[in-house]
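Visitor: Below are the chains, spelled out letter by letter.
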Amino acid sequence: MSTPRKDEAGLESTGHLSEGALALAADGRLDLVSSDAASHLEACEDCATRLADQALASDVVQRNLEALASAPELVKEEGSASRPSLGRVPRGAIAVALVCVALASLPAIPALLRGLAQAPGSGRVLVLALASATRAAALFVSRQDVAIASAAFFVLIGTVIAVRASRAEEKKHAVV
Amino acid sequence: MARPLEKATVGRPFFGSPDRRLEGLRPMIGAVVGRVLSLPRSHADVEDGISETFRRLVEGIDRVRPGEPVGPWAAGIARHVAVDQLRARKRARLFDRSGSDRDGEDGAAFESIDPAPGPEELAMGAEETACVKRALATMNDAHRDALLAFHVDGLAYQEISAKMGVPMGTVATWISRARKTVMLAVEEARTDRREESR
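As you go down the protein sequences, you meet chains A and B in turn. Just so we're aligned, residue 0 is where the first sequence starts under numbering that gives the first Met the number 0, counting upward by one. Just so we're aligned, residue 0 is where the second sequence starts under numbering that gives the first Met the number 0, counting upward by one.
In short, the hints are calculated from the structure, not lab data. For clarity, every value in this text was computed on a predicted model and none was experimentally measured. One should not assume that every hint holds.
[Claimed, not checked] Heads up, simulated DMTMM-like pairs for lysine to aspartate or glutamate below, C-alpha to C-alpha not over 25 Å straight-line: (1) B:162 / A:30; (2) B:162 / A:65; (3) B:162 / A:41; (4) B:179 / A:45; (5) B:89 / B:46; (6) B:179 / A:11; (7) B:179 / A:65; (8) B:179 / A:41; (9) B:179 / A:52; (10) B:162 / A:18; (11) B:89 / A:52; (12) B:179 / A:30.
[Said to hold, decoys possible] Just a sample of chain A residues kept apart from chain B, beta carbon distances all over 12 Å, derived: (13) 9; (14) 12; (15) 152; (16) 162.
Glycine included, each C-beta is placed from N, C-alpha and C at the ideal position.
Between the sequences and the hints, there should be enough to build the whole structure, so can you do that?
Guide: Next up, the structure:
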């Protein structure tokens, strides 16, 4: 780490206070400004004006940063604040929903297999298989509503959780 | 070298016990009051403003949260004091012009103005805050880190210097530039707002 040098916050070649010296003076840290700069500040109205502008800017920045930290909902970035990003896809909820869909369609599978096994000849296998598949599909369709509803339910819950989590995260890092 | 507060306020009465955190603020307060009043710092009104600001600072210093920088807070109070002085001057001029002493009626009218921000001001504040957020996102990383370390984390200049591994003068310059970037964005928002309201 380099040691801070006092003469860095002092006068510029123009004879007026440097930007850094003005920032220090604006924040009440005259003790960190060189004595030449402090004396100059007492006499120079131009530097006093720059100092006032710096101090007023400091006040505005402080108030806005406090507002950002305490009420991030004040700031809605264009379309990004409430929209979960790709990194926040509710993968868990989608996985559970897919398992529900698979479970709901299980009863259709034996019927399909049975239909295939009862096929009398190889010539008609394709037709019988198609017929069995159709029957199985019909059976599946009867349970499809339940499967879709449960999948949609879990996807919805997952989305709500993801949105809430992303909002909480944004609140936490509102300032940055 | 740090100047004691009593020394800084020589020539004007100073009430209350001085706080270490208020040391070194006088030049800034004088500059802010003078700037708002458009008067040289030697003017009596500016001196009055400085005294009033210090009175309020001493009164409110215990309410400053730990880690909250005192400088911006003091600058805000100095600005408020100067704005109050401007209003008082305006009021006095109005009474002078009317040539009468209708203290009851006109005085009441001035006092009845609600100082709380209205919906428009609140909306403007939200816009301003949004601008600040955008400005933070676009500025130089080092400038932003220094600015947030000072204003949000409440670190002192020396602490930021040690944390970032750069000289303190550089930290001060970065903070100053970050503030300028933010102020440019805020000014743009204010200009847009003014143009919209026309």
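Visitor: Does each hint fit the structure? Answer for all of them.
Guide: These are the hints, each one checked on the structure:
1. B:162 / A:30: Within the cut-off at roughly 20 Å; holds.
2. B:162 / A:65: Holds, because 22 Å separates the two Cα atoms, which is no more than 25 Å.
3. B:162 / A:41: violated (32 Å)
4. B:179 / A:45: holds (18 Å)
5. B:89 / B:46: holds (19 Å)
6. B:179 / A:11: holds (19 Å)
7. B:179 / A:65: holds (18 Å)
8. B:179 / A:41: The hint holds at about 23 Å.
9. B:179 / A:52: Within the cut-off at roughly 10 Å; holds.
10. B:162 / A:18: Since the Cα atoms of residue 162 (chain B) and residue 18 (chain A) sit roughly 21 Å apart, the hinted pair holds (cutoff 25 Å).
11. B:89 / A:52: Roughly 23 Å between the alpha carbons, so the hint for residue 89 (chain B) and residue 52 (chain A) holds.
12. B:179 / A:30: holds (23 Å)
13. 9: For residue 9 (chain A), whose nearest Cβ neighbour in chain B is about 8 Å away, the distance does not exceed 12 Å, so it is violated.
14. 12: holds (15 Å)
15. 152: holds (36 Å)
16. 162: holds (20 Å)
When held up to the earlier numbered hints, the structure conflicts with 3 and 13 and fits the remainder.
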